[in-house]
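Chains as they are written, first to last, in this note's numbering: chain A, 1 to 440; chain B, 1001 to 1290; chain C, 2001 to 2327; chain D, 3001 to 3244.
It is possible that some hints are incorrect.
Unchecked claim - Derived, one-sided and incomplete: chain B residues facing chain A with beta-carbon distance under 8 Å:
id, residue
1, Asp1218
2, Tyr1220
3, Ser1224
No wet-lab data here; the hints were simulated from the structure. None of the values given here were measured: they were computed from a predicted structure. No residue lacks a Cβ here, since even glycine has one placed at the ideal position from N, Cα and C.
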Amino acid sequence: MHTKNSLREAISKTVGIVIGLVIVIAAVAGVLIYMTTQVPLTTTTPTTTKPTIEKVKIGIIEPLTGRYAVFGQEAVDAARLLVDIINNELGGVNSLGGARLELYVEDAGTSPDSAALAAERLVSTYRPHIILGAYISRLTAAVAEVTEREKIPLVMDALVDWLTEKGWNYVFRLAPRASTHGKAAVDFVLEMTQKKNVSIRTVVVLHEDSIFGTTVANGIRSQLIAKRVIPNETITYPHTITDFGPIISRIRELNPDIILSVPYFSDGILFAKALQASGIKVKFIAGAGGCGYTDPDSIREAGEAVEYFTNTYSYNPARQTEWNKRIVRAFQQKYGKLPTEAAGIIFYSLMFVYESLEKAGQMFPEDPLNPDNLKTIFLSLDLNDSNSIAAQLYPTGRIKLAANGENLYGGTAILQVIEGQPKVVWPEAEEGVTPVFPRP
Amino acid sequence: MLPSPGLIFQSVLDGVFLGFLYSLIALGLSLVFGVMGIINFAHGDFIMLGSYLVWILANGLRSDPSFMSLATVPLFFVIGAAIYMTIIRPVLGKEPLIQIAVTVGIGYVLQNFALMMFRAEPRAVQTTYLNLYLNLGVVSIHLAKLISAFLSLLIVLGVHYLLTKTWVGLAIRATAYDREVASLMGINVGKIFLLVFSLGIGLTGLAASLWMTFGQADPYIGSSFGLLTWVIIALGGLGGVSGLIASSLIVGIIQSLTMTLVSPTVSLAIPYVVFIMVLWFRPQGLFGKV
Amino acid sequence: MNPRNVITVILPALTVALIGTTIPFLVGFNQYYVLLALQSVIMASIALAWNIIGGYAGQLDLASFAYVGLGGILATMLMTEYNVTPWLGMFLGAGVSAALAFTIGFPLFRFGIKGVWYALSTAALVVILHEASIMFLGPFDYYIPFVEGWYYLRFRTWENLYYFSLVVLAFVISLNLYISRSKIGYYLKAIREDEVAAEAVGIDVRKYKLLALVTYASILGFIGYLYIVSQRTFSYNTFSGPQSVYVAIVGIVGGLGSVSGVFSAALILKIVEEYLRGFLGGVLPGLHLLLFGSLLIIVGILRPGGLSSLTDALTKKIRVRIQRWYS
Amino acid sequence: MSNAVVLEVSGLSKRFGGIVALNNVSLKITKREIVGIIGPNGAGKTTLVNCVTGIYRPDSGKVFFLGEDITGKPPHLIALKGVARTWQKIRPFYNMSVIEAVTAGALLRTKDVLKAREEATEVLEFVGFPKSKFEMLGRNITLIEHKLVDLARAIATKPKLLFIDEVVAGLRPHEVDVIADVVRRVNREMGITLGVIEHVMRFVMSISDRIVVLHEGRLLTQGTPAEVARDPLVVEAYLGTKPV
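Chain A on its own, in the form it takes in the complex (with noise of 0.2 Å):
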């Protein structure tokens, strides 16, 4: 008893002297680090001689653990990928003497605390010259806080509209706003009903609770009334749901002819599953918001119970431009799958990025990466597909930023689950597809 005690005191004498140690050699890396790394804030005082530039340093803040990390993780492995080829295939930024991007990657975990840790320790340690991130509205927002006070452009992912309404000065979004995506998924059905005569006596729009499916939702509705259709039925669940069953419950009962839907994810796959086990015939389930139904992951886990939904996209994986199907084919090559669409607006907004450093190369040699000089450019650059490859990647194929930051051609592409196959129904259907309106 007593050895076993002693060896007890022992063991935990050990691992407190160990901690201990890891905590001293924590603090004194750290403060090494933070020496070595420390960087002369070159890029706010201008200089008379023209740098020489060797590398642009692209900081990328996403969710990497967490609820939020499927959506992270894609949106890195897309930045990777991206870089890769900016650096391998385009000879990295030619204006800038073939300048390289390195791509800094932090975890902003689940809340803004730990989102303003990884924006604050990514400016101190490495101060990028633009950040991407953060696909969630509110680790956004605390990354924004910090990178508005460091002057840094952030270029983001994230989707929710009051993101481009506080004033901030150096806040750019390509990818459409979260309502876009309810008014192109109503102006597609009532399209499509009109153009196929198909009557519709019940509407239910069925959303997830987040922040993100509730503003989707509001862009339907305000859609649907502007043209003159009323819902009939709003149903909201928490998207954290486990079970459909009462829902499917409920739409029995409505029996609906359209359901115009937000999924988040999971929720998407569960849905589709009820409802095709269920038996209730609903002529059409249109999706908006791009998560869910018509994403790669989504076929694959949903199977037949998806085949003919839709759903916006952010990002149009099956548009035909040159560069898109390119980049399409590495990111499947690379990772076996296609991209879904936070890989998407990573993919346009990136490519984005590095057109504006080639022009700001020509337009401010002698100090390029200043970011009111980048903002210059951000706002000035009007892309289409034939100028333009982030242009090919984006649903529109137009970019050009209004004042606040926002793309005034933001728009969304639909795609459908067609043979198991997400394909480009509308604004333009792809070669060879033809939308299938109502369901057989």
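Once you've looked at the hints, dock chains B, C and D against the given chain A.
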């Protein structure tokens, strides 16, 4: 718009099916708490781990998830035993707070292990023979849920039989009643604890395979079950299996009814409001003995 | 209270605050380290407030972020909607949180709810507030508009907020030390050890538990604004169940009722977590939380007394030194 | 005044489900007395104390302390009036030091922690607790030390009446003698009236002034130790069936 009687009936039926599955989930937790006094906050996370296992096996063998319980239950029984030996036994005599900290730690480890192994995308099983609805006029029955409810009930009653009619069950109940007296009676309390904990974890393996017939796996699914299961145990009191089933059904029906008739968001909160009310007025639970 | 007690209560708090004040200078106003220090200090204050109900009175309370959220959201909304300074709003927040704690605690203690059931009903409280706030606030994020200055306690950089949080921390530390040296502290600890025996020596168990709960809740209600302003936004997510469990874990890892233990646990866990997030988060997602969970298990098995078994000996040594030096 | 009634119990009954634990028990304890309360297992001794000290609420009957009706009052108020008790199954404060545990008792009569600590020190010295272990945590002391701390914690509340519930259970013979000595001194030197619930006859016979015998929840008989020991009823009900 007034809900039709059919809708209400359907919704109660959905609640009943859900309730039986809850009772299976709560049973293991309740056993571990009742017999050992261990407050296991990682119970839901074992179901999560089980769901992934079922997903791998069912997709690999192209078979129905419910058959996978033949593999998950023994495996989880062994995992339960291993966790008992390494982590639970050293903290048995310690303060409940320390025990909670340790089980929360297990939860963190399991969640993030799953995240690292499978990433965060939800995973569902492709092959299932049971994902269909039987339309019976007014109501329609989801076969997967019917089967899982039936199997849950069967297992819960089986465990009830084990506890009341066998020598081992007697020993378990004696240990729950008074550890010291039980050991005086010649019961090896250590072995009983090992058995109960392994059984508790083994049952999560079963619950996981039933869950996967209509649900899906993601690293954070455990938290959907964790607290709710405790509410069920509290409502049931630690009296017995009948109380547990009754409270599971009540929670299932309340959730289902509020989800259909009021709002799905409210349905998450209602069981907890009921729980606090019941604690105020009947601290021993709805069906517990005084 | 006699003067010697005043010194033992105030002096440690002052020392911590003074040492804390030097940190921004030591790190050269590097915002990353200042923010980390700010978050650690807020977490330490919350954990030390929890120590009153959890550590001294031994009630496993899992509702800390119900009170942080309620008080904080009230103060923030008063500021954004009616331009009320948070200096006032924080006290109102404290009041509202205290009222909620009383409403919940009175019947719970009246009906003798304790142990795991107390823990679960507090956990349920967080869920209820979480869902209720979705109904009232909607699912939206509320961003605190940028208005700089001490009137709003909102700043571009983190130093000023950090200094303010140090004052709060110093207050919470001295309150803890005062409680541990006063009648209340002895009574709460007796309740923690054995309620029946405590009642038999004349302790009004219900009254003292309620007192501890209300004190804890009002501190958290006060800290609420500080927490939210350090986050920049609030939403229904502020009522966070996992965060509330985290606070209790800090209290347990620190050692129940040990001020130095809980304080160091809050700092060490926050720093270790951030260190792991920073270095591994981008490399292997989830690994840092996995290690964090393993740490909990190891502490639970090897050092059930928590860090206090280390820190108490240390603080005792320091105290003896100081006393010797005085005489 | 020396035979003034401190405690009067009249017609006390308490039932648990179908079991009658106390059945119409009446008794009186006068000032500075040591009353031994004996009886076989399940006789209702501890239930009696629990009813008097407010842990249980009696189903019928009254409890008067110094002439005041305290029936059904909460335990902490009864303690404040001056009734203290120790516990058959020790209720130690594992994570408080010995001195802290006793100080918690002493704080009933004062707000001043330092004064309460001094009083606690005195009480601990009085019961003969080793001074070197004052700062030890409850988890680290022995069984007899726990019993002494339990006793000291009760005495520190400065009671007028103290119930000692099976204090010597589990102790070795020489330890029993130590406790007997302490109990006697509590009565003589501190002037506290004592009710001693006991199973060990040798101990209770040697210290009590008067013995009350309970059997199956009823008061069987009472008298001096010598009288009780000779009473055939007692011999039959208690001594006869279970010799000690």
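**Study point:** Status of the B:Ser1224 interface restraint (C-beta, 8 Å, chain A)
**Key:** Holds, because the Cβ-Cβ distance from B:Ser1224 to chain A comes to roughly 5 Å (cut-off 8 Å).
Exercise for review: Grab the minimum C-beta distance from B:Tyr1220 to chain A and call the hint holds if it beats 8 Å, violated otherwise.
Suggested key: Since chain A brings a Cβ to about 6 Å from B:Tyr1220, closer than 8 Å, the hint holds.
Point to revise | Given hint B:Asp1218 near chain A, where the shortest CB pair must fall under 8 Å | key: Nearest chain A Cβ about 6 Å off; hint holds.
When held up to the earlier numbered hints, the structure conflicts with none and fits them all.
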